[in-house]
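Chains P and W are the protein sequences, given in the same order. What the first sequence shows, in the working numbering, is residues 1 to 264, in sequence order. What the second sequence shows, in the working numbering, is residues 1 to 263, in sequence order.
Source of the hints: derived by calculation from the structure; they are not laboratory data. The beta carbon of each residue, even a glycine, is placed where N, CA and C say it ideally should be. Take these hints with a grain of salt, some might be off.
[Unchecked claim] Here are the simulated lysine-lysine pairs, BS3-like style, with alpha carbons at most 30 Å apart:
{"no.": "1", "chain 1": "P", "residue 1": "K65", "chain 2": "W", "residue 2": "K167"}
{"no.": "2", "chain 1": "P", "residue 1": "K194", "chain 2": "W", "residue 2": "K167"}
{"no.": "3", "chain 1": "W", "residue 1": "K259", "chain 2": "W", "residue 2": "K155"}
{"no.": "4", "chain 1": "W", "residue 1": "K259", "chain 2": "W", "residue 2": "K167"}
{"no.": "5", "chain 1": "W", "residue 1": "K155", "chain 2": "W", "residue 2": "K167"}
{"no.": "6", "chain 1": "P", "residue 1": "K194", "chain 2": "P", "residue 2": "K30"}
{"no.": "7", "chain 1": "W", "residue 1": "K167", "chain 2": "P", "residue 2": "K30"}
{"no.": "8", "chain 1": "P", "residue 1": "K194", "chain 2": "P", "residue 2": "K254"}
{"no.": "9", "chain 1": "P", "residue 1": "K30", "chain 2": "P", "residue 2": "K65"}
[Stated by the list, open to error] Using C-beta positions, here's what the derived DEER-type ranges look like:
{"no.": "10", "chain 1": "W", "residue 1": "V134", "chain 2": "P", "residue 2": "D159", "range": "46 to 54 Å"}
{"no.": "11", "chain 1": "W", "residue 1": "L31", "chain 2": "P", "residue 2": "D159", "range": "26 to 34 Å"}
{"no.": "12", "chain 1": "W", "residue 1": "R194", "chain 2": "P", "residue 2": "G86", "range": "30 to 38 Å"}
{"no.": "13", "chain 1": "P", "residue 1": "H155", "chain 2": "W", "residue 2": "V59", "range": "53 to 61 Å"}
{"no.": "14", "chain 1": "W", "residue 1": "G197", "chain 2": "P", "residue 2": "H155", "range": "20 to 28 Å"}
{"no.": "15", "chain 1": "W", "residue 1": "L103", "chain 2": "P", "residue 2": "H21", "range": "27 to 35 Å"}
{"no.": "16", "chain 1": "W", "residue 1": "R194", "chain 2": "P", "residue 2": "A246", "range": "49 to 57 Å"}
{"no.": "17", "chain 1": "W", "residue 1": "R194", "chain 2": "P", "residue 2": "E247", "range": "48 to 56 Å"}
{"no.": "18", "chain 1": "W", "residue 1": "L103", "chain 2": "P", "residue 2": "D152", "range": "33 to 41 Å"}
{"no.": "19", "chain 1": "W", "residue 1": "G197", "chain 2": "P", "residue 2": "F142", "range": "31 to 39 Å"}
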Amino acid sequence: MTTRTGNALAAQPERSLRVEHLVKAYQPGKPVLNDISFEVRGQNSVAIIGPSGTGKSTLIRCVNKLIPPTSGAVFVSGENISRLSGRALRHARRKIGMVFQEFNLVERLTVMENVLCGRLGYVSVWQAWRRTYPQDDIDRAFALLESIGLADFVHQRADSLSGGQRQRVGIARAIMQEPHVLLADEPTSSLDPKTSVEIMEVLVQLSEVHRIPLIINIHDVELARRFTSRIIGLSQGGIVFDGPPAELSNDHLKTIYGGEAWLQ
Amino acid sequence: MSGAEAFCRERPFKVNWPVRCAWFAAILYALYAANYLDVSWARFVVGLGNGATFLAEMVPPDFSRWQLLIDNLIETVEIAIIASAFGVLFSLPIGLLAARNLLPSWVTWPARTFIALCRSFHPVIFAILFVKAVGFGPLAGILTLVFASIGFIGKLFAEAIEEISLKPVEALRASGAPFISVIIYAVLPQVLNRFIGFASYQFDANLRNSTMVGIVGAGGIGGTMFAAFQRFDYDFLAAILLSIIGLVMLSEFISIRIKRVFQ
């Protein structure tokens with residue numbers, strides 16, 4: 001199965017996300033995000049760090065237009081999605097997987113139903129209502145759950161799982177979309193330190209196996225350094241650092257977060 | 001020292017003279033109204049005597065016309081079941097359209113207006129209107145209770161949807177799911193249990209109301225009951241009242257069973 005997916009992927013152009021001059025102002029004249037541009041290609045993982053309220057979540061939600069950007073453009077694998085709406089936007093969103101801080105699962109549905117939610121953009125409403133997913137989707141869902149250690153929980157309700165297990169389900173749901181980019185909004189903030197590391201491992205590993213560019217909002221600088229190959233530092237709505245973790249110095253962190261007592 | 005004394009003498013609770021005056025006025029008005037409407041102890045005693053005669057005439061209940069009674073009860077239950085089925089069926093989409101957290105206001109306010117219209121009249125008034133509109137018989141009763149059901153379940157269902165967690169909704173929107181699929185997967189699972197609760201409660205209410213709509217000629221046992229009243233046929237009336245009590249208790253028992261299945 002891995003080889004089949006691998007071959008299919010090899011035939012496709014490289015998956016990528018490009019953000020160009022993105023501006024978001026909730027109130028005119030007071031931009032939360034000011035002229036953000038960056039690009040991520042292939043199996044790269046990028047951490048976006050920055051203080052609370054600096055627009056990390058807004059940035060990620062501007063990518064899939066859950067929040068409409070004020071100006072600027074977003075390209076997913078070359079397709080400009082900033083002008084799309086309606087059905088075209090829905091089809092574009094299938095290519096953007098999203099993982100949430102509080103998992104955002106449907107508590108009353110089973111793990112399998114939650115994972116198959118990732119295919120809702122591909123199946124008709126009638127198929128969704130009758131729970132008749134293509135066999136291929138179901139096989140993939142089983143394989144995916146197996147690979148992240150949830151094979152025994154397939155038929156359990158999501159609200160019976162632990163935090164780490166729920167986030168795995170959330171990640172599996174996003175991967176089921178066969179996305180061209182994976183966005184994670186503070187995926188470890190609701191978890192304990194040990195589980196946080198496990199979740200980061202799962203995220204990075206799956207993004208590498210499926211060759212999906214990964215963008216993670218995270219406020220834990222150490223986790224960011226440890227698991228990603230590139231760090232983007234946001235401060236007051238602008239990018240103040242963009243480079244490999246090794247180059248991220250305490251001076252940069254001071255610029256990003258302000259103050260210095262916390263660095264001791 | 002003198003400052004502490006002054007502090008002690010101060011009342012801990014403020015005296016609110018306007019509120020006291022309002023209470024006094026309310027009591028005065030109640031006494032005046034009772035006097036005006038001739039609600040007095042003497043009148044009450046006369047009423048008690050009258051009630052005793054009435055009760056005495058009701059015993060023993062007369063079940064000799066049991067066939068008529070059964071026919072009427074069946075019609076009553078049928079009105080309640082059909083009205084509940086259609087009422088629930090219609091209130092599901094209407095309640096959904098009225099949920100302000102999912103839909104824009106140009107969709108919700110017509111839906112909310114419709115629900116408000118359904119709620120604005122007591123079922124008796126609806127029954128009178130429908131008897132005039134479609135004629136005597138169970139159809140008028142069914143229409144009455146369909147509208148009553150939409151008013152009740154539609155409103156509660158809309159409120160239940162407005163209380164759901166929007167997090168799964170956000171997740172499924174982000175995955176590109178069509179709106180209806182988002183409803184099916186992220187909204188309905190969160191409200192289904194409560195909806196079943198509302199529906200069974202409404203069936204209960206419909207059953208009791210369907211014994212009443214007959215009084216204005218909209219079908220069911222109410223018509224027979226009203227006729228028995230007017231003919232001073234109190235022993236048959238007692239039989240009717242007893243069978244209504246039996247019917248409502250039976251439905252209570254069944255609805256408890258049904259709820260247990262869905263838990």
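Hint check results:
no.	hint	result
1	P/K65 / W/K167	holds, 16 Å
2	P/K194 / W/K167	holds, 25 Å
3	W/K259 / W/K155	holds, 21 Å
4	W/K259 / W/K167	holds, 28 Å
5	W/K155 / W/K167	holds, 23 Å
6	P/K194 / P/K30	violated, 39 Å
7	W/K167 / P/K30	holds, 27 Å
8	P/K194 / P/K254	holds, 27 Å
9	P/K30 / P/K65	holds, 20 Å
10	W/V134 / P/D159: 46 to 54 Å	holds, 48 Å
11	W/L31 / P/D159: 26 to 34 Å	violated, 58 Å
12	W/R194 / P/G86: 30 to 38 Å	holds, 32 Å
13	P/H155 / W/V59: 53 to 61 Å	holds, 60 Å
14	W/G197 / P/H155: 20 to 28 Å	holds, 26 Å
15	W/L103 / P/H21: 27 to 35 Å	holds, 33 Å
16	W/R194 / P/A246: 49 to 57 Å	holds, 54 Å
17	W/R194 / P/E247: 48 to 56 Å	holds, 54 Å
18	W/L103 / P/D152: 33 to 41 Å	holds, 40 Å
19	W/G197 / P/F142: 31 to 39 Å	holds, 35 Å
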